[in-house]
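Residue numbers (the working numbering), protein chains in the order written: chain Z, 10 to 400; chain H, 10 to 400.
If you are wondering where the hints come from, they were derived from the structure by calculation, not from laboratory data. It cannot be assumed that every hint is accurate.
It does not matter which identical chain is meant; a pair holds if it fits inside one copy or across any two.
Subject to a maximum C-alpha distance of 27 Å in a straight line, what follows is the list of computed DSS-like cross-link-like pairs (lysine-lysine) [what the hints assert, rightly or not]:
| id | residue 1 | residue 2 |
| --- | --- | --- |
| 1 | K349 | K280 |
| 2 | K69 | K330 |
| 3 | K90 | K349 |
| 4 | K280 | K359 |
| 5 | K359 | K90 |
| 6 | K349 | K359 |
| 7 | K330 | K129 |
Chain residues, written in single-letter form:
Protein chains: 2
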Amino acid sequence: MSVTAAKGFQAAGIAAGIKENGNPDLALVVNTGPRRAAAGVFTSNRVKAAPVLWSEQVLKSGQLSAVVLNSGGANACTGPKGFQDTHATAEKVAEVLDIGAGEVAVASTGLIGLLLPMDKLLPGVEAAAAQLSEHGGEKAAIAIKTTDSVHKTSVVTWGSPRTESGGGWTVGGMAKGAGMLAPGLATMLVVLTTDADLESEALDRALRAATRTTFDRVDSDGCMSTNDTVLLLASGASEVTPEYAEFAEAVRTVCDDLGQQLIRDAEGASKDIKVEVVGAASEDDAVEVGRSIARNNLLKCAIHGEDPNWGRVLSAIGTTKAAFEPDRLNVAINGVWVCKNGGVGEDRDKVDMRYREVHIVADLAAGSETATIWTNDLTADYVHENSAYSS
Amino acid sequence: MSVTAAKGFQAAGIAAGIKENGNPDLALVVNTGPRRAAAGVFTSNRVKAAPVLWSEQVLKSGQLSAVVLNSGGANACTGPKGFQDTHATAEKVAEVLDIGAGEVAVASTGLIGLLLPMDKLLPGVEAAAAQLSEHGGEKAAIAIKTTDSVHKTSVVTWGSPRTESGGGWTVGGMAKGAGMLAPGLATMLVVLTTDADLESEALDRALRAATRTTFDRVDSDGCMSTNDTVLLLASGASEVTPEYAEFAEAVRTVCDDLGQQLIRDAEGASKDIKVEVVGAASEDDAVEVGRSIARNNLLKCAIHGEDPNWGRVLSAIGTTKAAFEPDRLNVAINGVWVCKNGGVGEDRDKVDMRYREVHIVADLAAGSETATIWTNDLTADYVHENSAYSS
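Start from the sequences, fold in the hints, and give me the full structure.
Set out below in structure tokens:
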């Protein structure tokens with residue numbers, strides 16, 4: 010279903026030969042209208058890949074007719090030639106679809122610092138265009154994988170089920186990402202589509218609100234990518250203009266689902282860790298504390314070893330500027346308050362850590378704000394994947 | 010030699026039974042004068058162990074007669090009882106040495122969140138006092154080890170060699186630390202001694218200047234401890250008051266040497282990585298960029314895999330607020346400028362990464378300031394040590 014679950018979209022995914030192993034590596038998503046509104050959120054890394062620079066520019070119009078995505082090469086740190094290649098890719102899409110290049114977003118993922126093989130990519134665009142289909146969403150999702158073990162898609166249909174006779178509207182999407190997951194955003198490419206009839210301003214508002222509490226709070230390894238891109242395209246094909254709050258909730262639900270799928274597929278991970286900060290004086294404090302816990306390598310190792318090491322949680326909290334008193338901190342791991350008032354709490358032997366999901370609650374006892382950050386454990390497999398694989 | 014290289018100091022290291030394996034775990038360092046000036050620098054973690062809270066307090070006088078250190082337990086996150094135990098430890102030292110408890114600094118290292126076995130520690134103080142010797146520096150250094158594979162000591166003697174007839178002065182010291190190394194400070198206990206005749210103000214100034222560019226720039230795993238303590242004690246026994254600049258340089262040299270020893274002994278590491286940032290607009294920028302590179306797990310994995318992955322260096326630089334233009338960044342790895350002007354530079358196959366030391370130079374091309382941060386690679390052994398060992 011993926012990006013073609015919503016009406017008014019076609020997609021394709023093919024093997025263009027960008028990846029040496031012959032796996033699918035080029036995806037095309039086309040908005041067939043009637044509306045072509047769009048919004049996007051990009052990496053906050055100041056070293057931005059050429060396709061990010063391009064797509065930020067074209068999105069200023071609030072309109073997109075197509076998105077072309079490739080895996081097998083990030084086209085980051087590739088200088089003026091890299092930007093020319095992105096431009097040429099958009100021009101090629103425009104040519105085969107008979108639209109303007111300024112309506113085409115480009116996204117790339119893979120190794121940094123290598124030019125893309127344009128002699129393969131440009132013919133690939135033609136081949137993908139020839140296979141565009143209202144059932145092409147899954148193939149597109151598969152074509153953007155890098156080290157992902159599975160492709161990731163999600164769909165929410167609001168109101169009555171989608172039928173030929175209409176009724177309701179849908180938000181669907183696809184994502185890729187399995188490492189270099191950190192806020193602002195995770196290393197991800199995400200394309201969301203909807204047949205809701207909305208203008209770009211509403212899309213932008215809903216997308217920013219959704220990513221702020223979903224993708225931006227997925228922090229697998231603290232490493233921020235040069236290529237992160239999240240796009241939301243609206244076709245208006247449902248002819249329904251939903252209430253903003255309902256639409257925003259649907260977008261948030263899809264983003265949350267895709268974010269969870271990213272964490273569950275993170276490179277080498279054996280535990281998914283939900284870090285829930287409560288009792289914070291402000292949401293910013295809660296996020297800062299959550300990130301500092303989520304990025305603590307020693308804690309991530311301890312969780313890997315199924316050790317409910319609350320001392321490492323307190324060590325991490327202590328590095329932040331958040332409002333708290335050390336002797337009022339409480340920490341629960343999988344429901345057991347192993348740390349109370351900054352010291353020893355319930356018996357740590359009561360903590361059952363056999364399952365993949367681990368839930369850490371850090372109570373700052375300084376207010377009523379909360380935030381949840383998702384991360385993974387740190388494992389020998391993570392080291393192996395990232396020392397053997399150049400990305 | 011260690012803390013007894015300088016005249017006017019005695020030390021001892023014994024096994025008090027705090028560690029279940031029977032290894033040495035209690036050290037005592039005594040300043041026999043005539044001067045008893047002292048200075049200290051402590052963790053900037055807001056969750057501070059009881060001995061840190063105690064020692065910060067007693068150091069306000071600028072005077073210390075003794076330092077008692079234990080491994081086998083950090084006495085962190087142990088509440089009022091933990092602080093009472095630290096106080097009782099200082100009182101015991103005061104009693105056996107016939108001094109005031111307010112002249113005794115306490116330092117602890119080991120597992121967080123456990124109370125110390127005072128029934129073993131207090132008799133241990135008596136036993137250590139009975140073994141105090143001007144040759145006890147090595148034993149003291151051995152007794153503060155936790156996961157350290159070797160004990161760490163360093164000595165600088167300034168001017169003419171130390172002889173019975175006097176002449177010259179000495180700065181010596183011991184350190185422990187092998188993980189949780191991060192700025193402000195690394196997880197370390199360090200005691201430095203000197204027989205230079207200086208007041209506490211000069212000691213404090215020299216110590217802060219030295220730690221700022223040495224221990225504070227050793228960043229093994231980005232994790233900041235609750236117990237970091239660096240103390241500098243002066244006996245005045247050389248009867249020489251050195252020039253401040255010479256003394257500061259000697260302190261810096263000993264701190265730098267000990268910091269290097271900490272990095273070389275970091276848990277599970279197979280590479281020591283020198284991250285040198287040059288061309289920065291300010292020293293703060295250089296430090297911020299250096300830390301962001303040093304803490305990038307993906308880069309640390311790549312270095313482990315002997316992959317000169319400059320793209321991950323640029324990704325890390327891009328997350329900072331430092332002044333730079335992405336298309337002017339240059340990166341050298343082991344002398345080969347693999348990234349020039351933000352893109353591909355010299356052939357990465359020229360980079361020889363077979364040796365333990367790896368030298369990364371990041372040129373921001375934005376000024377003339379520099380800073381060097383030391384870190385390690387991220388290895389499966391690090392994960393193993395920190396998932397199997399509770400600390």
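Comparing the hints with the structure gives:
When the C-alpha separation of K349 and K280 is checked against a cutoff of 27 Å, the pair qualifies only within one copy, where the shortest distance is 25 Å, while the shortest distance between copies is 39 Å. For the homomeric pair K69 and K330, the shortest alpha-carbon distance between copies (25 Å) is at most 27 Å, but the shortest distance inside one copy (36 Å) is not. In this assembly of identical chains, K90 and K349 lie within 27 Å of each other by CA distance solely across copies; the values are 14 Å between and 57 Å within a copy. In this assembly of identical chains, K280 and K359 lie within 27 Å of each other by CA distance solely inside one copy; the values are 19 Å within and 39 Å between copies.
Taking identical chains as interchangeable, the C-alpha atoms of K359 and K90 lie at most 27 Å apart only when they sit on different chains, with a minimum of 24 Å there against 59 Å within one chain. In the homo-oligomer, the alpha carbons of K349 and K359 lie at most 27 Å apart inside one protomer (15 Å), although the nearest pairing across protomers, at 55 Å, exceeds that limit. Taking the shortest alpha-carbon separations for K330 and K129, neither the intra-copy value of 50 Å nor the inter-copy value of 38 Å comes in at or below 27 Å.
Consistency with the previously given hints fails for number 7 only.
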